[in-house]
Amino acid sequence: MARAVTTQHKAIATAAAWIVAFLIFFPILYTIITSFKSEQEAIQGFSMIPSGTLESYREVQSQYNYFKPFMNSVILSVGSTILALFIAVPAAWSMAFSPTRRTKDVLMWMLSTKMMPAVAVLFPIYLIFRNFGLLDSRIGLTVMLMLINLPIVVWMLYTYFREIPGEILEAARMDGATLWGEIVYVLTPMAVPGIASTMLLNIILAWNEAFWTIRLTTTNAAPLTAFISSFSSPQGLFWAKLSAASTLAIAPILIMGWFSQRQLVRGLTFGAVK
Amino acid sequence: MATRQTSTLARFMMAPAVLLLFIWMIVPLAMTLWFSFQQYNPLNPIRDGFIGLANYKLFFSNPAFFAAIQHTLTIVVVVLLITIIGGILLALLLDQPMWGQGFVRILVISPFFVMPPVAALVWKNMIMHPGYGVLADMARGLGLQPIDWFAQYPLFSIILIVAWQWLPFATLILLTSLQSLDIEQKEAAEMDGAGFLSRFWHLTLPHLSRAITVVVLIQTIFLLAVYAEILVTTNGGPGYASTNLPFLVYQKALLEYKIGQASAGGIIAVILANIVAFFAMRAVGKNLDK
Numbered sequence: 001m002a003r004a005v006t007t008q009h010k011a012i013a014t015a016a017a018w019i020v021a022f023l024i025f026f027p028i029l030y031t032i033i034t035s036f037k038s039e040q041e042a043i044q045g046f047s048m049i050p051s052g053t054l055e056s057y058r059e060v061q062s063q064y065n066y067f068k069p070f071m072n073s074v075i076l077s078v079g080s081t082i083l084a085l086f087i088a089v090p091a092a093w094s095m096a097f098s099p100t101r102r103t104k105d106v107l108m109w110m111l112s113t114k115m116m117p118a119v120a121v122l123f124p125i126y127l128i129f130r131n132f133g134l135l136d137s138r139i140g141l142t143v144m145l146m147l148i149n150l151p152i153v154v155w156m157l158y159t160y161f162r163e164i165p166g167e168i169l170e171a172a173r174m175d176g177a178t179l180w181g182e183i184v185y186v187l188t189p190m191a192v193p194g195i196a197s198t199m200l201l202n203i204i205l206a207w208n209e210a211f212w213t214i215r216l217t218t219t220n221a222a223p224l225t226a227f228i229s230s231f232s233s234p235q236g237l238f239w240a241k242l243s244a245a246s247t248l249a250i251a252p253i254l255i256m257g258w259f260s261q262r263q264l265v266r267g268l269t270f271g272a273v274k
Numbered sequence: 001m002a003t004r005q006t007s008t009l010a011r012f013m014m015a016p017a018v019l020l021l022f023i024w025m026i027v028p029l030a031m032t033l034w035f036s037f038q039q040y041n042p043l044n045p046i047r048d049g050f051i052g053l054a055n056y057k058l059f060f061s062n063p064a065f066f067a068a069i070q071h072t073l074t075i076v077v078v079v080l081l082i083t084i085i086g087g088i089l090l091a092l093l094l095d096q097p098m099w100g101q102g103f104v105r106i107l108v109i110s111p112f113f114v115m116p117p118v119a120a121l122v123w124k125n126m127i128m129h130p131g132y133g134v135l136a137d138m139a140r141g142l143g144l145q146p147i148d149w150f151a152q153y154p155l156f157s158i159i160l161i162v163a164w165q166w167l168p169f170a171t172l173i174l175l176t177s178l179q180s181l182d183i184e185q186k187e188a189a190e191m192d193g194a195g196f197l198s199r200f201w202h203l204t205l206p207h208l209s210r211a212i213t214v215v216v217l218i219q220t221i222f223l224l225a226v227y228a229e230i231l232v233t234t235n236g237g238p239g240y241a242s243t244n245l246p247f248l249v250y251q252k253a254l255l256e257y258k259i260g261q262a263s264a265g266g267i268i269a270v271i272l273a274n275i276v277a278f279f280a281m282r283a284v285g286k287n288l289d290k
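Line by line, the protein sequences are chains A and B. With the first letter of the first sequence counted as 1, position 19 gets the number 19 in the working numbering; the numbers rise by one all the way through. With the first letter of the second sequence counted as 1, position 288 gets the number 288 in the working numbering; the numbers rise by one all the way through.
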């Protein structure tokens, strides 16, 4: 009897969860479906079955040179992440392994810089970028994205590094390892998973950043966020093309995101929820 | 462990990150503060100069200002309510034994990875468009008049999009926290004859409090700064019906070139964020000590 109740319970839970999940995912699903329709089909009313044409994908490339903003997104998100790691790894390292009384305050202060509203510094940044010739340049935006995500990168790395037991370091030191040897042969291998997750999450955040990437670029350095925003004032039929461009813009990050669910929770909650 | 040599080294290793963040925070902010006391118009520089608090007075007397503050807070509060309550319910559902749990999780978390301009344009054109959107198709199917969401309910439409983006985040965090609730504790409570509601109230909810705090903090940071969603859908309109503080500051600075007023608005945004941050950081700091 108890067994039957469990199965029934499971069936109801499954049905409810699948319906809710479908509803939440529906806008994405429908965008993917529409991307395989022709423009005529796209406006002919609701239909979940596309003709399967690749016309829209060809057009976003031939009409708008889609590859360029796509590559800009790749360069900006990966570049800013690597740059942030170079600066954040030593910082997080020292905070985790030789903490002082002020370490926690420094960490909280770093987090608080994240709270500064971007608009509050929009014009000064715009002015600085203009005067240094950085408007619409990939270098300027890479630095910008690095700065915005630096606090999160430091925090994430710190929570990972802190879990590496200090005794291992002491043992290595007993065996006569130098500081350099300690870092290269003992700590680094243990830190690689944490660094990799940090990297993954940060690429996602940088890829989706949609304030500075839109405001500080025009054409040359514009990543996908800026490119897609240009569809907000469309000319003519564009439903299928918008869908194709959107599908291509979210696909890589969606797939990366699916693989990084656990790390995402950890990273975005600063290790408070695991 | 920390000899003098290693602690000097530690400070040296920390310096680049701290210095960069310090400069990045202090220089532009100081400039904004300075501009907020200036008349400054790049297009018409004749009357440029120090004008004291006039920018703040102008900004406060602008009817759009109070609307913008109100909209900013409405977005934060309503989206938080939807995502926390919805997130708890969804997490409870997803925590049940079921077939295909991993796949369901993937579907539910997906909207979080969609970049804001795509999320907003997809909702605007594919779902809520009065002519070609799915909701319009449904309305016509039922013999009703399709609704022009962004013209009639602009703020609600934006809240809907933003909530769709953040509900997955809240769900994922709350679900993770829920799964760490000791199964033995749950079973013991069940044995004691505690009903579902009483178990939820006395056991589950206290256990989730830390996760809820974190969700509130993180989301508040991002919700105070909603921008792209407004830019690509309503552009703040009709009138100022969906303008929030970031959007108003952007309009003043880059569309109207009223740098002084925009800077005053920026300083107000900083103060607002600080008030919110003060409470949020205290809560998180307390929670992280545990």
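Because the hints were derived from the structure by calculation, they are not lab data. Each residue gets a CB set at the ideal place from its N, CA and C atoms; glycine is no exception. Worth double-checking, as some hints may not be accurate.
[Stated by the list, open to error] With the Cβ distance kept under 8 Å, some of the chain A side facing chain B (calculated, not the full set):
| id | residue |
| --- | --- |
| 1 | S51 |
| 2 | T53 |
| 3 | A120 |
| 4 | F231 |
Going down the list of hints, with the structure as the test:
no., hint, verdict
1, S51, "violated (17 Å)"
2, T53, "violated (18 Å)"
3, A120, "holds (4 Å)"
4, F231, "holds (6 Å)"
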